[in-house]
Amino acid sequence: MFRRKLLTLATTTALAVGAAVGLAAQPASAATPIPDHVFSPYYEMWLGDDISAVSQQAGADHITLAFAQTERQGSCTLYWNGDTSLPIAPSSFGAQVDAIQARGGNVIPSLGGWTADDATEDGQLTELADSCTDVNAIAAQIQKLITTYDVERIDFDIEADSINSSAGVDRRNKALKIVQDWAKANGRTFEVQYTLPTTTQGLAASGKNLLRNAVTNGVEVSVVNVMTFDYWEGDRANMAQDTVTATTGLVSFLKTIYPSKTDAQLWNMVGITEMIGVSDWGVGETFSLANADSVLAFARQKGVAYLSFWALHRDTGGCAGAQTTQDDCSGLAQQKFEFSKKFAPFTSGATDPTDPTDPTDPTDPTDPTDPTCTAAPWSASQVYVAGTTASFEGHTWKAKWWTLGEKPGAATWGPWADLGAC
Numbered sequence: 001m002f003r004r005k006l007l008t009l010a011t012t013t014a015l016a017v018g019a020a021v022g023l024a025a026q027p028a029s030a031a032t033p034i035p036d037h038v039f040s041p042y043y044e045m046w047l048g049d050d051i052s053a054v055s056q057q058a059g060a061d062h063i064t065l066a067f068a069q070t071e072r073q074g075s076c077t078l079y080w081n082g083d084t085s086l087p088i089a090p091s092s093f094g095a096q097v098d099a100i101q102a103r104g105g106n107v108i109p110s111l112g113g114w115t116a117d118d119a120t121e122d123g124q125l126t127e128l129a130d131s132c133t134d135v136n137a138i139a140a141q142i143q144k145l146i147t148t149y150d151v152e153r154i155d156f157d158i159e160a161d162s163i164n165s166s167a168g169v170d171r172r173n174k175a176l177k178i179v180q181d182w183a184k185a186n187g188r189t190f191e192v193q194y195t196l197p198t199t200t201q202g203l204a205a206s207g208k209n210l211l212r213n214a215v216t217n218g219v220e221v222s223v224v225n226v227m228t229f230d231y232w233e234g235d236r237a238n239m240a241q242d243t244v245t246a247t248t249g250l251v252s253f254l255k256t257i258y259p260s261k262t263d264a265q266l267w268n269m270v271g272i273t274e275m276i277g278v279s280d281w282g283v284g285e286t287f288s289l290a291n292a293d294s295v296l297a298f299a300r301q302k303g304v305a306y307l308s309f310w311a312l313h314r315d316t317g318g319c320a321g322a323q324t325t326q327d328d329c330s331g332l333a334q335q336k337f338e339f340s341k342k343f344a345p346f347t348s349g350a351t352d353p354t355d356p357t358d359p360t361d362p363t364d365p366t367d368p369t370d371p372t373c374t375a376a377p378w379s380a381s382q383v384y385v386a387g388t389t390a391s392f393e394g395h396t397w398k399a400k401w402w403t404l405g406e407k408p409g410a411a412t413w414g415p416w417a418d419l420g421a422c
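Residue numbers (full-length UniProt numbering): 1 to 422.
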């Protein structure tokens, strides 16, 4: 994900290298596991504020922390934002993370990001596996992140120059295999989440090569999270529909490297990260509140693992009408944390506002005011939004939320409400 270089980052000539030859034993995690389906927006660590307080205000129990990186190329030491005053230590955000975990939530630290992965501005690659060439030292830094904050999943945001660095890709995956073996030996859970750029039709060759290398190195990838924005393919008419085609293309590729997995298992490896409001492309690529409703429904229908957006500080209408992307507002006319509150019910165990057993559900099939059968035949290739009707096998059906390709009546809690026989 994009962020501007911080002018206040410390520069240093000292090189801190952790030359680990093995990973120390550690007690098993006591934190609450990440749910099977989780909403976890990105949090811009460099903007300040209390992580726990902001997450509570937004109604987001899980937060993805962006970003940990080295202070300069050649270093093997992680810092938050690459700032040497913010080491990976309890003194850096530890109490705030503890507060989130005490409420039953958790954080997902993220390594990399556009600034670390791109050398265009200053010639520096500060993503850990590009900066450091010692696989054991890379593994030791990842282990330190896990044990310092008692986390079970780490996100690796790999893009720009980093995704095209075959040496860095291979070092990272070799280090991840070491850490996963350490975690298993110590009774810990360590889930790898890769966040990758995408086209509107799925991963580019560089993303596919990264995942093939992960398989070759024996890394168990839990989530492949695609950034469904900044396509650089021109203005986009429907960002929600682009999310559908991008993730469908991703699953088609995942089938080729995980042939034993079912479609449901593959969809449960998928992550979706939107850029709310105006993207880096500009107003021609704007993710709206209506798009959020559609993507939430799609994510539920497919059973994806992870739903997110860039970024929590941007979930406010403080710059409505802005023509370019901003760090602290979306560019839309919206309520504060409106996107967060739309996506929050995605997390496993949250109340489903479209539960068909809810007596207040306006699409309840027993509602006597439902319309009579006058709808066009259902089509597998047509997108249906909430409230749209279709006829299928002698009954009229009403879409409870956005759906594509799912037959009416195919699932007990599916997207269709039966309005009765035609």
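To be clear, the hints were calculated from the coordinates, so they are not data collected in a lab.
Warning: the hint list may mix true and false statements.
EDC-like cross-link-like pairs, simulated, lysine to aspartate or glutamate; straight-line CA separation at most 16 Å [claimed, not checked]: (1) 184 x 152; (2) 177 x 191; (3) 208 x 170; (4) 177 x 220; (5) 302 x 134; (6) 342 x 293; (7) 174 x 161; (8) 184 x 235; (9) 177 x 161.
Between beta-carbon pairs, the in silico distance windows are [claimed, not checked]: (10) 166 x 90: 20 to 26 Å; (11) 326 x 387: 29 to 35 Å; (12) 261 x 376: 15 to 21 Å; (13) 380 x 255: 17 to 23 Å.
Quick caveat: nothing in here was measured; it's all calculated off a predicted structure.
Even for Gly, the Cβ is constructed at its ideal location relative to N, Cα and C.
Hint check results:
| no. | hint | verdict |
| --- | --- | --- |
| 1 | 184 x 152 | holds, 12 Å |
| 2 | 177 x 191 | holds, 11 Å |
| 3 | 208 x 170 | holds, 13 Å |
| 4 | 177 x 220 | holds, 8 Å |
| 5 | 302 x 134 | violated, 39 Å |
| 6 | 342 x 293 | holds, 7 Å |
| 7 | 174 x 161 | violated, 19 Å |
| 8 | 184 x 235 | violated, 46 Å |
| 9 | 177 x 161 | violated, 23 Å |
| 10 | 166 x 90: 20 to 26 Å | violated, 36 Å |
| 11 | 326 x 387: 29 to 35 Å | holds, 33 Å |
| 12 | 261 x 376: 15 to 21 Å | violated, 36 Å |
| 13 | 380 x 255: 17 to 23 Å | holds, 20 Å |
The structure fails hints 5, 7, 8, 9, 10 and 12 (numbered hints given earlier, in ascending order).
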